Amino acid sequence: MSNDTIIKVEGLSKKYILNKLAAEKSDLLVKNLLSSLRGLSQKKQTEEFYALKDVSFEIKQGDRVGIIGRNGAGKSTLLKILSRITPPTSGRIEYTGRMASLLEVGTGFHPDLSGRENIYLNGSILGMPKHEIDRKFDEIVAFAEVEKFLDTPVKRYSSGMYVRLAFAVAAHLDSDILIVDEVLAVGDAAFQKKCLGKMEDASQNSGKTILFVSHNMGQISTLCNKGILLNKGKVEREGNLQEIISQYFNSGSSEEVTCFKYDSQSDKEYYIKQIRILNNRKEECKNFAHNESISLEIEVHQNTKLNDVLIGIHFYDMYDKRIFTSQIVLSDKFYDADKHTFLVTVPHSLLTPNTYHFSVGIHIPNIHLIDEKQNVSSLYIYDNGSEFFKYQNVDYGSVFVNCDWKIN
Amino acid sequence: MTLPKYYHLDKEKIIIDSNLNSFFSIKDVIKYKSLLANLAKRDFLVRYKQASIGILWALIKPLINIIIFGYIASKISTGHMNALSFLNVAVGMLVWQLFSSVFGQVSGSIVENANLFAKVYFPKIVIPISSILVCLIDFLISCIILIVMFIIADQTIHWQILLAPLFIVLAVINGFGIGLFFATLFVKYRDVRFVIPVVIQFGMYASPVIFSTSFYLERLPVSLHWLYCLNPMVGAIDGFKYCLLGGDAIYNMTYFILSIGISFLFLFIGIRYFYKFERNFVDYI
Numbered sequence: 027m028s029n030d031t032i033i034k035v036e037g038l039s040k041k042y043i044l045n046k047l048a049a050e051k052s053d054l055l056v057k058n059l060l061s062s063l064r065g066l067s068q069k070k071q072t073e074e075f076y077a078l079k080d081v082s083f084e085i086k087q088g089d090r091v092g093i094i095g096r097n098g099a100g101k102s103t104l105l106k107i108l109s110r111i112t113p114p115t116s117g118r119i120e121y122t123g124r125m126a127s128l129l130e131v132g133t134g135f136h137p138d139l140s141g142r143e144n145i146y147l148n149g150s151i152l153g154m155p156k157h158e159i160d161r162k163f164d165e166i167v168a169f170a171e172v173e174k175f176l177d178t179p180v181k182r183y184s185s186g187m188y189v190r191l192a193f194a195v196a197a198h199l200d201s202d203i204l205i206v207d208e209v210l211a212v213g214d215a216a217f218q219k220k221c222l223g224k225m226e227d228a229s230q231n232s233g234k235t236i237l238f239v240s241h242n243m244g245q246i247s248t249l250c251n252k253g254i255l256l257n258k259g260k261v262e263r264e265g266n267l268q269e270i271i272s273q274y275f276n277s278g279s280s281e282e283v284t285c286f287k288y289d290s291q292s293d294k295e296y297y298i299k300q301i302r303i304l305n306n307r308k309e310e311c312k313n314f315a316h317n318e319s320i321s322l323e324i325e326v327h328q329n330t331k332l333n334d335v336l337i338g339i340h341f342y343d344m345y346d347k348r349i350f351t352s353q354i355v356l357s358d359k360f361y362d363a364d365k366h367t368f369l370v371t372v373p374h375s376l377l378t379p380n381t382y383h384f385s386v387g388i389h390i391p392n393i394h395l396i397d398e399k400q401n402v403s404s405l406y407i408y409d410n411g412s413e414f415f416k417y418q419n420v421d422y423g424s425v426f427v428n429c430d431w432k433i434n
Numbered sequence: 130m131t132l133p134k135y136y137h138l139d140k141e142k143i144i145i146d147s148n149l150n151s152f153f154s155i156k157d158v159i160k161y162k163s164l165l166a167n168l169a170k171r172d173f174l175v176r177y178k179q180a181s182i183g184i185l186w187a188l189i190k191p192l193i194n195i196i197i198f199g200y201i202a203s204k205i206s207t208g209h210m211n212a213l214s215f216l217n218v219a220v221g222m223l224v225w226q227l228f229s230s231v232f233g234q235v236s237g238s239i240v241e242n243a244n245l246f247a248k249v250y251f252p253k254i255v256i257p258i259s260s261i262l263v264c265l266i267d268f269l270i271s272c273i274i275l276i277v278m279f280i281i282a283d284q285t286i287h288w289q290i291l292l293a294p295l296f297i298v299l300a301v302i303n304g305f306g307i308g309l310f311f312a313t314l315f316v317k318y319r320d321v322r323f324v325i326p327v328v329i330q331f332g333m334y335a336s337p338v339i340f341s342t343s344f345y346l347e348r349l350p351v352s353l354h355w356l357y358c359l360n361p362m363v364g365a366i367d368g369f370k371y372c373l374l375g376g377d378a379i380y381n382m383t384y385f386i387l388s389i390g391i392s393f394l395f396l397f398i399g400i401r402y403f404y405k406f407e408r409n410f411v412d413y414i
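These protein sequence lines are chains V and R, in that order. With the numbering used here applied, the first sequence closes on residue 434, and no number is skipped along the way. With the numbering used here applied, the second sequence closes on residue 414, and no number is skipped along the way.
Straight-line distance between alpha carbons at most 30 Å, and here's what the computed DSSO-like set of lysine-lysine pairs gives:
| hint | chain 1 | residue 1 | chain 2 | residue 2 |
| --- | --- | --- | --- | --- |
| 1 | V | Lys156 | R | Lys156 |
| 2 | V | Lys224 | V | Lys156 |
| 3 | V | Lys181 | R | Lys162 |
| 4 | V | Lys86 | R | Lys142 |
| 5 | V | Lys162 | R | Lys178 |
| 6 | V | Lys312 | V | Lys365 |
| 7 | V | Lys181 | V | Lys162 |
| 8 | R | Lys317 | V | Lys41 |
| 9 | V | Lys156 | R | Lys170 |
| 10 | R | Lys160 | V | Lys86 |
| 11 | R | Lys142 | R | Lys405 |
| 12 | V | Lys224 | R | Lys162 |
| 13 | R | Lys142 | V | Lys260 |
Some residues of chain V that are not near chain R, with every Cβ distance over 12 Å (derived):
| hint | residue |
| --- | --- |
| 14 | Phe83 |
| 15 | Phe175 |
| 16 | Gln291 |
| 17 | Ser292 |
| 18 | Lys294 |
| 19 | Gly338 |
| 20 | Ser403 |
| 21 | Ser404 |
| 22 | Asp430 |
Calculated from the structure, these hints are not laboratory results. These numbers come from a predicted model, not from an experiment. In this text, a Cβ means the ideal position worked out from N, Cα and C, and glycines have one as well.
Work the whole structure out from these sequences, hints included.
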């Protein structure tokens, strides 16, 4: 281990045996005994399943690593093994220092116990010695904002208070390595921000190493500076966070079409031959970060020259509400060639994270619709750390607008 | 960020490996003593906080048993009601109830607290150990019955009473050892839940709770005496009866020692079995 490597994972695998017969028996001792009496002739149908396969990586002191992957990629298994909840089937992990894992907030909270009692109980479950809880008690209570209800059983708490108290205990855990599994998905937005801030402070001021799993890329890009992309139990990529996030969004949709070809149409004066959706690196793509521009490459053919022809794009939100239209004059571009490729770019940080679709049309305003491709494709915009990332499931509008705020 | 270059050289280095098997270590338990204390405190608070007559409940159950079985015992052994046989049953019954509650609590503790170790790492042995406290408190409360009965029966106590804590510990060891075995089974087989009460019920009749060891052995063929003494509770109950009541509670020294030996054997087997599967509990639950 080099001096600043704090976690070293080598060839880590976790195998689960999906034993169909055993799975059936395992619940009942009697049934198990009976079936063993029935003889060993029945062959067990076992199926091996690797939740993690040969995973290796190193994490350096002070890194804040986002672990990204689809459901079933092995993220939770990895965190469970790292936090010593379940053993690996093979491989080895070395780490230095005190590790705290928050796979859940409020582990062990008992509804009948008071807030005060639960702070001590939960703190000790998380591995805080009593004197440490004593020392931080007031801070925890203040952070959770539950001063008045300290001696009330937590079953009488509102769900918000409950979560705040649970998180407050966890947030005050002293550790060198902090493992967090999507627990921030709870609580109101303001409190989430407070928690993220607390974690960032921890990392930046005390050199705490953080491993963070979340499906909210906004949270990940706010908090983390490195990423590990897991796919089907293997490390697909590690390193630069932004690249990993964009690979994550595009890996699942690689089969999706991003290039649309259309038949030639001799009966139309102009027709659309092909549309491609590109990101700012000119790669075909359907998933965009909110701060990434979207380009449409449209190939138009001309059969007969007409005047005053416009080409336009329409963007719609998921409710088919038109968000905006953009157009240019088409006909004056066709001097010499009978085909042209237009590249229209939607500026970055315009559309808010959501699903959109678009149409392309060629027309003479108010007179004649020449060619139209409706609902060409959907586009997905994900949050890459915008100021609104914490309102993940809240509709805060379709566009980002930088308004001018002043105090008069 | 400015960190000393060898920042973590003084920190504990932890290795997680596929073939590291842990075994009981007192160091682990001491390291997590705060958790141990808090879990025990939780069990205690939950038990006595809500039920305002919680303490009364700890008295009622043994009292009912003592009255019923004391009556039966005095009818069968002497033919008439007799304070001494009530006292005998009371002493046996309290130790037995200490054992059975430790056994019950420890057996259920792992499954009941699965939500804890499924999310946070700590030595799992802390859970069953912490569940013993409530049983001991119940036992101490129920000792009020004994004191009252001693006064009513006008019994004197002897110096042997000083040895009584040893047999209380022995009863706890029995409950803990056998409980650990069942706790591990319980994780794998959920119908152990229904086996536990049967074991407790049967065990009571196979132990010198209602009748003395001599009562049993006089009715068993000599060739089967050793079998009776394989019951680890024989040593604990007879020892406790001897400490409180004196006399001939210990029927046969060899059998008595054999039974105590079995207690420690069971404790060892229980711990072994527990640690064989301890690391994988999460995968079973």
